[in-house]
Amino acid sequence: MSHTKQTSVKLVLLGEAAVGKSSLVLRFVSNDFQENKEPTIGAAFLTQRCTIGSKTIKFEIWDTAGQERFANLAPLYYRNAQAALVVYDITKPASFIKARRWVNELRENANKNIIIALVANKYDLVLSEESGEEVDGARKVSIEEGQNLADEEGLLFFETSAKTSYNVNEVFMAIGEKIPDNANKNNNADTSVNSGTNRIDLNSPVDPNVNSQNCAC
Amino acid sequence: MSFLRGIATIANKASQIFDPSLAQSKKPTKDELLCLEFNLPEGEKIIDQMSAEVVITTKFTRAKIAAIKAQQQQQQNQQGAFSSLPSPALPEVEPFNGKFTLTSNFITFKDGYDSMTCSFVIELPTVQKIQRVHRSYDFAIMLLTTNDLEITVQFIGLKSQCERFGQNLVKALKGSLDEVEKITEFQCNLYSEYLLYKNHSSNFEITVPPSGGLGLVFKFPGNTHKLNDRLKMKKWFDLFRENGRNFALVKNVIFYKLVSYGLPNKLRGELWETCCGSLFLRYQNSEEYNTILVEHNGEKSVAIEEIEKDLNRSLPEYPAYQNEEGINRLRRVLTAYSWKNPDIGYCQAMNIVTAALLIYMSEEQVFWVLNVLCDKIIPGYYSKTMYGVLLDQKVIEGLVRKSLPLIGEHFEKHDIQLSIVSLPWFLSFFLNTMPLVYAFRVIDMMFLHGSRVLFQVALAVIRVNGAALLKCEDDGECIAVFKEYFSSLDESEPSLLNRDRIRTRFDNLWEIAFREFIVIGDNEIEQMRNRYKNEVFQGIETFVKRTELRNLPKTPNLTSEQVSNVYDRYYSVLNNDSQAPNKGSVTMDFDSFEVFMSRLVNWVNASKKNSQQSKFLTRLYNAWSSEDGVMSLETLIAGLNKLIDHDIMNSLSNFIALYDDEHDGKIDRESVLQLAEDLIFITTPWRNGSVFDDITNKTIESEIARKIYERKLILKEQGIETPDDEIRLPSEVRFNEDKWKGKQQERFLASGSNFLKMAFKYAQPVEDPEKPLIDLGDDTTDKFAMEPPKSIELSSRNSTQDSSVTTSSTSAEKDKYNAALDPSHPTYITPSTFRMIILADETYECFFHTQFWKSFQVDQKIDQDLGVVKNIRGMFNNFLADGRRVAIEVRKRMDDATKNIPDNANNIINNAMNGAGVNNNNGDGRSRAQTLSSNNDDDDDFGNFVTPANATDVLGDVPVGADFTSVLHDKKEIEKENELARQLNDTRLG
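Taken in sequence, the protein lines are chains B and F. Under this note's numbering, think of the first position of the first sequence as 1, with each following residue one higher. Under this note's numbering, think of the first position of the second sequence as 1001, with each following residue one higher.
Extracted from the complex, chain F is given alone in its bound form (with noise of 0.2 Å):
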């Protein structure tokens, strides 16, 4: 089970869909094997732990032993000392060995040898006296329990620790004394208790009979008779009387056999609740039901919309169904769940076990069983994925496999899918495949022992049906042999074992089931869900991906590769991202957006959190966000659709959409500051150098061009005739980064400043009506480009051709920019100005046609890195990776001066072109900078051929050896350069 348990815990995450691994059960607590071992609430601590030998007795038991004694007696005085006549065997009080615990609320005990014949869990409130039994050899305690268990315990151990268990015990059972009273009052609704009062065998006082079940009012499905509840209920009377009762009572062979009869069905709830553990679950949370329900009281949701559909169709057939109050209660119970875990919310199936268990249980009892049900014993059956119930059909299909060969051979020859049969089962018990006094018995068993039950009929149904199944050829027919056999269950045969005995086919069934399959333990299940774990898993996640994908609406600007790569973002973060609060959730918070986004641009960085940031980011996830204000994924893609169009002037049109709060067409002034700010903020990786925009890689570009170009020419002049494959672009080429990053930088940082003057320039006073409004609308950009406003034109034109035009700006401009700040006159620009604005901005202009969109790294699978390296290389990447370029810019050089190129012009063209495409080695590329060093002195914008020894090549090899270190500007900058060839060069291969 602790497979299961590893499950439980994080049952129902998304997460585990996406990542097998984290389903990898951690190895569980001693704690949580002991919780596990005895069904007891979660977060139980073991407080001391002993080997005991104990023995159990209860004014019953010594009451029969004395009167069969009496009775043995008074035999032989009758009949002499030498009577023939064997006496009756005497009872006897056996004891047992085992461990012996003390936990926070509870203690509890197992034999060693055989678990089935005496376990207990008694909750500490119960016990009435505690006292030590004083013998010369040992420590003993004894323990009289509310109920009249009386336990002594012998503790097997140093002297030490029994007296150090004593105390801990005393300890925690006046703990415990507050707790007397509630607990008192909750048995007083137990029918357990109720019985044993009615026959006057109870401690308590019991005036009001319990509540209960459906069955109660509605009466209970099946023929009492046939049942023999009459007589079921007077064993469990005895039972109870001599073994204890819901919170203290002794497990032994008795009891299982009783249940394995059925249940009776008076007692069939509480004795669930007893099996399964969730008697102790609703003591000690005994306001939540009620108070999840007024808490969520008149609350929408998924969920409940579909219990609502289903309410109707519930055990229809059963007449509380058909009433008011039947529907009620299932909804109440359906609907408290849902809110109770809404991971699972609510799963078809929940409807029909929930009604089922309704009609045994109260609302409240049911509430509590659902509860262990999800979480312990069938954990993952009806979460959002079924995860739980898609990998036990691959578990019964390798039991069968496995325990029925022959079955299952001819299952895999015929391709039936016995997961399409099963299935339902699984999901629902057998309760819409059995009638329903057969389901109910399945349900008792599966209470006590777990979901190894279901495995344990659903192998009997195939094994008794083999002869039946090999005959199929497909599934439907499986399906028919089923439905035909699980109709006739009532119908009587010979007995399995005594052919001359005459049963129902349920009770062969039931035969088989739990004697020949009693082998499948649940270690072996446990064995096998993790054998198929992954498989399942990986399943799921394919599908969950398809079907997500599939139903995501249409996108233009992506490709669905594109969208992919964004969904495995999406979801890694969310699931992996430890900073992530809502981690497993399928939609996504601002903090998770903002890890998101730092991974899928260069220009937001999650660990370095500004204001800057996480103003256009909030900005961003509003705009990103569904109405009420939740992001998921599909309104992620929308917006990320939106916003990367290639189109610069819909790019445009949504960016300035963004600042659009009013969706009026008026960027507001507090807007306008906003924005101008956030174009300064989303530029940064350019502003400050670290990435290279167009306009400076096509200057690099042009310098690198007009370099060959010379280093032809002067080649050619000192007449040095050089073989096509000898003639290559310049091997020693530098050039200085910080100069192009400098003036990069001034471009940036002058367009930012003019932006806001340009905004402010053409903003236009709200409150003046008469002015003719600029905003031709959005659709109408193109109208604007043909036709705009005369004094945009100008001013247009200017800041083309003049980006300083900070300086030359009149005094009635200056005028215009003051008046645009003054509070009191509040303006506003349009969409269209502002991406005239844009439009008559070089930089932004490039920014807005290439970079912007680019940025976002949509092409990157989510296995590659996105780290800063990247960031790195990218500066160089544009114009260094596609040597092509170049070769096309020498050769349109080369063009103009046609004249006065010599002969070989095509080859050295030729292979100007492709010499970014070969690569030279080292030795070669030194000893040509040799050679061609004495004719080189030049110092422009671009860089220096250098000596020898400072020789590098930008372009093809990168320096190895110790000389050229002194030139670079650090370690860092040589990292960097070889981190270029390299993939220069993996490029090139590719």
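Okay, chain B solo, but in the shape it has when bound (with noise of 0.2 Å):
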């Protein structure tokens, strides 16, 4: 650990009110889920320090309001930021049309160079408790139609669950690898990011021990 180098990463949370932003993120730095947690008001900020191979990356993390009329103050939040989730809720048809929207919105305004990363969480909404396995019409948004949405627009995707902590913390490692290493907050010069190399492999088995021994929770 003698040269880790540390590295700031401002990142925004979008999308429609009640997917579970705040759930992913409280998963996220503390380990931790509520059932009935309250909504964010403007928006929340948390910290997260992790470390990413030889480096260590420090999370900033702006929960927005995800209510309709909030949406005007995002800019102020996604102002500089260096990533951004943008979260819907695999059974909402009508929080992905949102995530489009968020998606559009961050192209058009936001830093031209962040990292975006498409989460479709309550995955285990969709799980049989007993069978543990999809139940039929649980999902209302199905995976392809995420993974084109990602595909199309050039963006990490995962489906998630903060309640089972399902893909969490991977997401924020995914994004953490594609920070360059010499990003900070304020520097927002043009460095490309080796795209290919950080493909998801959403079929892969997921180990959450692995990745949270990297974290600093």
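Among the clues, some could well be false.
Claimed, not checked - Derived lysine-lysine pairs resembling DSBU-like cross-links, with alpha carbons at most 30 Å apart:
| hint | chain 1 | residue 1 | chain 2 | residue 2 |
| --- | --- | --- | --- | --- |
| 1 | B | K140 | F | K1554 |
| 2 | F | K1483 | B | K163 |
| 3 | F | K1554 | B | K92 |
| 4 | F | K1394 | F | K1545 |
| 5 | B | K37 | F | K1483 |
| 6 | F | K1483 | F | K1219 |
| 7 | F | K1471 | B | K55 |
| 8 | B | K163 | F | K1309 |
| 9 | B | K37 | F | K1384 |
| 10 | F | K1483 | B | K5 |
| 11 | F | K1129 | F | K1030 |
| 12 | B | K140 | F | K1384 |
| 13 | F | K1384 | B | K92 |
Hint data in this document are derived by calculation from the structure and do not stem from the laboratory.
Need the complex rebuilt from these two chains, each delivered in its own frame; the hints are there to steer you.
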């Protein structure tokens, strides 16, 4: 650990109300879950340090309010952000439409090099409690739809569950990996990222422990 | 507060976003100011107002004074007259001087020197007795209220004025007699009365304890012991006895002090109502809350969806909200409010605020408090654009720069946006940042003093964390400082005033907020709001527009620029048009749509309504609305985009789809008749000749070219050698506008009648399943063009070659035509028949090819005038503004006659091409006209080469002299032409 460089990454969460933005952050930052989390008013701010390979990343997370009328505050928060999680609820098609809009808005107004991860949350809701397999009809947004949007727009894509912590750390790790080493929050210089190597294989088995070891939770 | 007031009256209307000038507060009336000053319900009218000196006593104060006096007497008796001991101060019954006002339902008074020392509001039905006090030197009355306040009012003014006031007062009191029973019943359900009854100090008999907040069942937050709840209760009990309560209450220094100490749990709800005035609203509208719930029972709305999402997420740690009872109360209040004020609907943060209020108040109490909050205390905070809270973030940033300049500079230097941090404080009154017990203290003060309390507390929070904040380098670090601070408010630290005393951090914060920042007054905040208002509205407007445009469906036929123009027009109609009844809405009703269309196209005129126009517009309106009949910008843009498809086949398909009511590809007879009429309607400007279509333009162009060409030949014959720069397009050309108008009118009329005939000729009977359908489907138009059914092919040739086909129809056709009209034989046409008929008609084909979609003036920005002038201009525009096309025509003719053209042909052509672009001056034009006039004696379709005196130059300059007016039709005509020339010049310069 003698050579770890610390990089600060400003990350913003966007998405419709009640898709689980704050819960994803709570899971990532405190490895905790609350069933009835109060809606975020304006925005919440949290930080978390992670070690990825030889670098230490300090995530400065802006968790925004999801209700439509708060949307005109969003630019305050994604201003200078280097990364964004655009979150939707896989049981709510409307939230997916909204996610698409957020991606457009970020593409139009945010930092040009912003790394965006599309996050399909509440994966736990489509799984049967007994079998652990997907229940027919529970899911309202297919994995393909999400993946297509991600491919079209060049986004990272994950299906997650803040409740079971499925894939949550992975999202942040993947973003951390894509963050160029020399980046810090005041440096928006054009640094191309080798996108090809960071594709996420959703079929690979997930072992949350591996990642949480890296994470200074 | 008058700015707030101004905003409140039109709060949350979208109009404000788009036109900040509307937000400019109209100067409030005297009545409004009084309502504001005393938190009276809106609409109270001042009946009479006078200066007066008042003395207030109750039987308790009198008893108290009597007791003290007796005690003094006793002491004196015991100690003798020369006692050295100071006698205890005699509590005095002080008189107060100020304005005494009678309104429709209230009496109000406020001390003129220091309003904190004495002010009161008394609801008339609580006045039990009025009595004239007989004094020889002035006019005084005594009022006695049901809660034992005895107020002696000595008016200061002319005797006649005093008499009049007295009469008015008696009259008003008589009028309020009916209310006595109602108000008594209402008072029996107030905790203040119950408290006094329990302690044998009430005139009422209250057997049932009043209903109240969830706290009565689920416990109030905080430790009652630590909060000194019992002591506070006792203090309020005393105050109620001596200064009245609820509907007849005198606010004095003690009252303000007691509020700032924090309200006792069981009285908190009622005192909030009393402080903010929602008590009066609840009393006056006692049925409304339940009525709203019943009326809207089972209805759905976006707001309700949003509310449902948050019900389980509102103070989830408070036991009542882990319980159906609490959740249901929350649901009912939020839902009822969303119906009461649909402009706000529901905004996140309201759930937290409402959940908090419900701990101390009944549902109905909270409902009315929410009304006062959103309308008066924090208008615009929860609105759809949240302009109020955004504006106040600007204000707090400004106040920090002013009052705490060091911190302000630091924030600026490090680009720290305080607003990011402070926004949640303002939106939820610190409920989600401070521990609940402390946030309720803030709310206590806010209901009494208004929104300035939020600023005072916020400034104090920043001030006490100053040292730590100066070390922060970004927003995140600041948030961490505040988080740490808020979680430690309970901790003890030395008092700021007396270092030896230990108090909580919160107590110190409180002291700073309301001592140091007492200087932050309503006026200052109001001024700051005015200063930042435009900036904030502008920002919101830009954002709202950008977002809405981004979220619109893709429009291949409209550029983003054009969509932006349509957006501006759409909202300008909704917001600014006084005729539009749904002002401020985001959806468009039919009347507004008509106005909108009249500004977009030249064939609609909203000020000249007629049935044909409204029939066609209704059709458009329905087609461009959503399935449930609502027209929004989104549906309108989508519809418009389809209709103005520049591809004629698509355009025709989309147009005929308007008439396919059943969506079965069959346009029935009724619709066909309608269609024919509509075609005549939408071609009105062309049919009456006020705008030329491309066919007319082409003919005119060709004529102009011919003239130029002929002129050149003539000049050549005369051997007049003209230097390059002197050869110009004819300068004195006039043309007979009416002639062209007439021709075009004929063409359009013929096409109109021809259309109907053709439509019925090729209509198919509904019952005839044998007959193969002509319709090949919408996508097969090309196929159709290649392989039309035989009969159709014939007819189309007929009509293109001879527009007067009317006369040549055979008797067989006539039979068919008549049969088609026979109501016993229903017939229909298909979309492809429609397309065929239009394409076969030169005029209509040309119309749909360009005129129709061009008539939608989507390129015009909102500030550009689309008035009548535009249409008159349009008449000449096409061919005059573009001299190039004429020049090309000339070149063609020259080329055709190459052999005869002399050597300087190229020059002529070049000059002809540039001619339209080179401006003559009048002198030149006239002298040239003179030299040329002798050679011209032409009188053709095109017009005359006129004599010098009449010279006008449609392509070059315009006649100015008086000589020329004679030949022109009238003054308007001249203006028209002047206008034209000016425009032409502009085009060239551009």
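Against the structure, test the hints numbered earlier, and report the numbers of the ones violated in rising order. none
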